[in-house]
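> Chain residues, written in single-letter form:
There are 2 protein chains.
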Amino acid sequence: MYSASYQDKSILKWFSVVCGLILLSIVPSVVFASTDGSGGASGAATNIPLIFLWIAVILMLAKASSLIERVGQPAVLGELLVGVAAGSLYLVGLDFFEPVKTSEIIHFLAELGVVILLFQIGMESSVKSMMKVGIPAFIVACIGVILPFVAIYFLAPYIIGGLSANAYLFLGATLTATSVGITARVLKDLGRSDTTESRIIIGAAVIDDVLGLIILAVVSAMVMQGSVSAGDVLIIVFKAAVFLVGGLLIGAWLAPRFGRGFSKINTGVGMKFALIISFGLVFSYIASLVGLAPIVGAFAAGLVLTPVYFEQFSNPPFVDDLHEMMKKEKLSSSVTKKIDSLIETHSHRHMVEFVEHLGHFFIPIFFILTGIQVKIAALWDFKVLVMAGIITIIAVVTKVAAGVAAGKGVKKLTVGIGMIPRGEVGLIFANMGKGLGVMDDTVFSAMVVVIMLTTLVTPPLLAMALKRS
Amino acid sequence: MYSASYQDKSILKWFSVVCGLILLSIVPSVVFASTDGSGGASGAATNIPLIFLWIAVILMLAKASSLIERVGQPAVLGELLVGVAAGSLYLVGLDFFEPVKTSEIIHFLAELGVVILLFQIGMESSVKSMMKVGIPAFIVACIGVILPFVAIYFLAPYIIGGLSANAYLFLGATLTATSVGITARVLKDLGRSDTTESRIIIGAAVIDDVLGLIILAVVSAMVMQGSVSAGDVLIIVFKAAVFLVGGLLIGAWLAPRFGRGFSKINTGVGMKFALIISFGLVFSYIASLVGLAPIVGAFAAGLVLTPVYFEQFSNPPFVDDLHEMMKKEKLSSSVTKKIDSLIETHSHRHMVEFVEHLGHFFIPIFFILTGIQVKIAALWDFKVLVMAGIITIIAVVTKVAAGVAAGKGVKKLTVGIGMIPRGEVGLIFANMGKGLGVMDDTVFSAMVVVIMLTTLVTPPLLAMALKRS
Numbered sequence: 001m002y003s004a005s006y007q008d009k010s011i012l013k014w015f016s017v018v019c020g021l022i023l024l025s026i027v028p029s030v031v032f033a034s035t036d037g038s039g040g041a042s043g044a045a046t047n048i049p050l051i052f053l054w055i056a057v058i059l060m061l062a063k064a065s066s067l068i069e070r071v072g073q074p075a076v077l078g079e080l081l082v083g084v085a086a087g088s089l090y091l092v093g094l095d096f097f098e099p100v101k102t103s104e105i106i107h108f109l110a111e112l113g114v115v116i117l118l119f120q121i122g123m124e125s126s127v128k129s130m131m132k133v134g135i136p137a138f139i140v141a142c143i144g145v146i147l148p149f150v151a152i153y154f155l156a157p158y159i160i161g162g163l164s165a166n167a168y169l170f171l172g173a174t175l176t177a178t179s180v181g182i183t184a185r186v187l188k189d190l191g192r193s194d195t196t197e198s199r200i201i202i203g204a205a206v207i208d209d210v211l212g213l214i215i216l217a218v219v220s221a222m223v224m225q226g227s228v229s230a231g232d233v234l235i236i237v238f239k240a241a242v243f244l245v246g247g248l249l250i251g252a253w254l255a256p257r258f259g260r261g262f263s264k265i266n267t268g269v270g271m272k273f274a275l276i277i278s279f280g281l282v283f284s285y286i287a288s289l290v291g292l293a294p295i296v297g298a299f300a301a302g303l304v305l306t307p308v309y310f311e312q313f314s315n316p317p318f319v320d321d322l323h324e325m326m327k328k329e330k331l332s333s334s335v336t337k338k339i340d341s342l343i344e345t346h347s348h349r350h351m352v353e354f355v356e357h358l359g360h361f362f363i364p365i366f367f368i369l370t371g372i373q374v375k376i377a378a379l380w381d382f383k384v385l386v387m388a389g390i391i392t393i394i395a396v397v398t399k400v401a402a403g404v405a406a407g408k409g410v411k412k413l414t415v416g417i418g419m420i421p422r423g424e425v426g427l428i429f430a431n432m433g434k435g436l437g438v439m440d441d442t443v444f445s446a447m448v449v450v451i452m453l454t455t456l457v458t459p460p461l462l463a464m465a466l467k468r469s
Numbered sequence: 001m002y003s004a005s006y007q008d009k010s011i012l013k014w015f016s017v018v019c020g021l022i023l024l025s026i027v028p029s030v031v032f033a034s035t036d037g038s039g040g041a042s043g044a045a046t047n048i049p050l051i052f053l054w055i056a057v058i059l060m061l062a063k064a065s066s067l068i069e070r071v072g073q074p075a076v077l078g079e080l081l082v083g084v085a086a087g088s089l090y091l092v093g094l095d096f097f098e099p100v101k102t103s104e105i106i107h108f109l110a111e112l113g114v115v116i117l118l119f120q121i122g123m124e125s126s127v128k129s130m131m132k133v134g135i136p137a138f139i140v141a142c143i144g145v146i147l148p149f150v151a152i153y154f155l156a157p158y159i160i161g162g163l164s165a166n167a168y169l170f171l172g173a174t175l176t177a178t179s180v181g182i183t184a185r186v187l188k189d190l191g192r193s194d195t196t197e198s199r200i201i202i203g204a205a206v207i208d209d210v211l212g213l214i215i216l217a218v219v220s221a222m223v224m225q226g227s228v229s230a231g232d233v234l235i236i237v238f239k240a241a242v243f244l245v246g247g248l249l250i251g252a253w254l255a256p257r258f259g260r261g262f263s264k265i266n267t268g269v270g271m272k273f274a275l276i277i278s279f280g281l282v283f284s285y286i287a288s289l290v291g292l293a294p295i296v297g298a299f300a301a302g303l304v305l306t307p308v309y310f311e312q313f314s315n316p317p318f319v320d321d322l323h324e325m326m327k328k329e330k331l332s333s334s335v336t337k338k339i340d341s342l343i344e345t346h347s348h349r350h351m352v353e354f355v356e357h358l359g360h361f362f363i364p365i366f367f368i369l370t371g372i373q374v375k376i377a378a379l380w381d382f383k384v385l386v387m388a389g390i391i392t393i394i395a396v397v398t399k400v401a402a403g404v405a406a407g408k409g410v411k412k413l414t415v416g417i418g419m420i421p422r423g424e425v426g427l428i429f430a431n432m433g434k435g436l437g438v439m440d441d442t443v444f445s446a447m448v449v450v451i452m453l454t455t456l457v458t459p460p461l462l463a464m465a466l467k468r469s
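Chains as they are written, first to last, in this note's numbering: chain A, 1 to 469; chain B, 1 to 469.
Fair warning: there could be bad hints in the mix.
Said to hold, decoys possible - Stretch by stretch, here's where chain B covers chain A in the computed footprint (C-beta under 8 Å, at least three residues):
1. 111 to 118
2. 282 to 294
3. 355 to 369
Source of the hints: derived by calculation from the structure; they are not laboratory data.
From the three backbone atoms N, C-alpha and C, an ideal C-beta is built for every residue, glycine too.
Construct all of the structure, not just a fragment, from the sequences and the given hints.
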């Protein structure tokens with residue numbers, strides 16, 4: 001389209017325009033700071049229109065940050081970095097993003113975003129292809145949970161002295177679970193969702209989320225009750241197993257029946273979409289009831305829906321128009337067949353596309369918010385920095401080591417690196433540890449920094465590992 | 001597909017299945033009531049997975065309620081009625097929906113829903129076609145604001161005695177603004193969005209929202225300060241005018257430039273969607289800054305985007321596949337042209353489709369929630385019922401009378417009926433009146449019932465008027 005140099009110049013130009021426009025969109029909130037936008041239907045105290053502005057700014061920041069792809073990095077790294085920058089603006093006196101950090105509504109949208117991401121990834125995976133990598137994924141997950149847990153439990157006393165035994169348990173537990181969200185986005189951004197390595201990584205990440213959340217349930221019961229019986233542990237494990245196996249079996253049986261049933265009420269596109277999204281949301285909810293992360297439920301729901309086409313429902317209007325045209329034009333049967341097969345492929349795509357469209361709205365909120373929440377200020381304490389650095393190294397090394405279990409003929413380093421990022425689940429652990437009083441502010445900040453570092457370090461490492469192979 | 005009677009039987013069967021499933025999805029929340037689903041990334045107190053369940057139930061209720069279309073009523077009436085039923089379940093001891101009524105997050109999603117609805121309607125309208133009905137719409141709006149305001153201000157003292165002069169001002173003001181949301185949904189459901197009458201109704205509803213919100217600003221200034229100067233009124237009117245005229249002109253100039261600019265960063269579908277939705281959200285925000293309802297801003301943003309195609313961005317994958325097939329198959333030029341023109345039509349559709357997909361998620365939340373918030377209990381007081389009844393009649397008659405101004409060759413009754421429903425803006429007035437202490441609980445309940453009655457009465461009346469013509 002353009003020569004490279006022209007394009008680069010125009011990028012610079014447009015990047016400055018983007019930044020300018022974002023600043024411009026922030027100005028009114030400063031100028032009119034005293035004006036209270038008319039509230040919502042509820043007349044609640046929340047300034048709803050201001051949250052609309054936040055979302056718009058977050059979406060445009062996310063999209064502007066995709067410039068990072070020009071230097072070969074996955075877009076998610078751009079979103080995280082832009083988030084960190086936005087979250088640090090208060091240091092230079094701009095506090096536009098301060099209320100975003102504590103907004104319950106933005107946190108909800110972010111959580112819904114990561115649920116939709118995992119739902120979408122589930123829809124693009126299938127139980128069959130997951131089963132193929134089941135054994136290596138399970139081994140990688142187990143080692144990847146045990147190694148960091150044990151290493152940090154035993155080494156942390158030498159790095160951060162003077163804490164209680166429970167605190168070290170919590171530190172170890174915090175770093176067990178790989179963030180499926182981050183890794184999945186990186187693999188998706190790099191167009192590698194469909195390799196054996198990716199399936200092992202995603203499979204292992206889902207399994208270690210499950211393992212991690214079981215550990216969380218056990219460890220927090222220990223902290224709260226002082227001890228925990230083998231029976232309690234068994235109940236937790238049992239509930240999780242019932243959900244996963246039961247959910248996949250019952251879901252696979254129910255989904256097509258639901259589709260046929262509801263199509264008798266109404267065959268509109270809206271009905272199809274309501275069914276799909278409700279399926280994902282209900283699974284997420286049930287997962288949380290048995291003590292698992294909602295994202296695990298969303299992923300399972302996506303897996304269940306993969307082979308379901310909901311063919312009873314209306315086509316997208318484009319398809320109807322094409323059909324009509326084909327009838328009128330009396331095309332040759334070979335062309336008709338080709339178009340029909342395209343339509344069939346996209347009939348499933350149409351379902352995924354709806355979830356993708358929701359994702360375009362919700363997912364960037366999760367990643368920008370994750371970045372925004374990093375407290376750069378915590379990094380200015382040299383002690384915290386060293387602590388975080390050493391723990392990060394342990395966290396990285398132990399997960400890379402787990403990659404060795406990936407089996408023959410698989411790029412072990414890629415798998416290991418793919419397991420590095422900790423995210424949502426780690427943050428849940430850290431928050432809970434802080435809430436239970438076993439982590440003080442310094443340890444908490446250090447752990448958040450570790451989680452961020454594992455996340456920031458993965459995309460370039462993974463991109464390198466994938467390119468090398 | 002099926003014979004009518006078979007279909008009806010199967011509807012009954014499936015309706016019971018739907019109800020059963022919804023109840024089933026509620027059961028876990030009762031059984032596991034003590035289990036706290038693991039929180040979000042923020043560790044906030046909100047039970048985020050429970051909100052996922054609420055959304056799923058709301059979406060499925062909304063879709064199940066579309067059965068009402070079988071008896072010729074628009075789907076929105078079904079959503080409102082199902083909402084009223086859901087909101088009254090506490091009367092029989094089922095309190096699943098009680099926390100929904102006060103959830104800030106659900107209110108936010110509902111408000112975003114009505115914003116997306118108006119954005120979508122704006123995208124499907126155009127400034128040109130709105131201008132054509134500009135004069136009659138403006139006259140209908142003015143009369144439709146003045147008549148109910150004056151009638152209720154002077155008649156209300158005879159219906160509800162003993163209130164302050166300010167209270168009667170507030171009662172009158174509450175019933176000035178037609179709810180664009182409800183009317184637009186009814187017209188859309190009945191497939192009549194594109195008639196002259198519809199354009200007059202929507203145009204007048206937008207104008208009287210603007211007028212209504214100006215009155216709100218003026219009346220609340222009067223209540224709070226005791227009086228209001230002509231200068232204050234002028235400033236309020238001036239800000240609104242600047243926003244609408246300025247917004248449309250500047251927006252129309254900016255939108256295609258933004259599109260070209262951002263397409264240099266990234267031509268992905270995600271970028272296009274982020275641009276579109278951010279445009280709508282920023283307009284909503286700016287509208288709230290100048291004291292207008294966010295929905296007015298969203299509608300204006302939609303109007304601005306109508307002629308913008310963002311043709312620089314990637315096509316949907318389906319289109320790319322079609323192009324490739326067309327190249328391979330070497331179709332006749334007439335067929336190629338036909339397919340190309342279909343693609344061009346759907347290139348704009350693709351943009352609207354994204355907003356529609358978001359709408360499938362958000363819009364039902366608004367209408368179900370509106371229904372849920374109706375307090376059936378307030379209707380059991382005979383005095384309240386009579387008061388509400390009389391005020392409703394005044395509210396209906398004055399708006400129908402305003403329809404006479406629609407001009408020659410237009411179905412005046414249709415226009416008048418289309419103006420009846422009061423909604424979001426009326427509820428904002430009522431809430432503010434309650435907050436300022438000029439409406440007590442009884443008057444407030446009566447006004448909410450009036451707003452609901454105008455809303456419930458419109459769909460069947462409008463459907464009748466449209467069928468008659």
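> Checking C-beta pairs, does the segment 111 to 118 of chain A have three or more residues closer than 8 Å to chain B?
Contact hint for the segment 111 to 118 of chain A vs chain B: holds, 4 residues under 8 Å.
> Taking a Cβ-to-Cβ distance below 8 Å as contact, does the segment 355 to 369 of chain A have at least three residues touching chain B?
holds (count 7)
> Count residues of the segment 282 to 294 of chain A with a Cβ under 8 Å from any Cβ of chain B, then say if the count reaches three.
Three-residue rule met by the segment 282 to 294 of chain A, so holds; n is 11.
Checked against the numbered hints given earlier, this structure breaks none of them.
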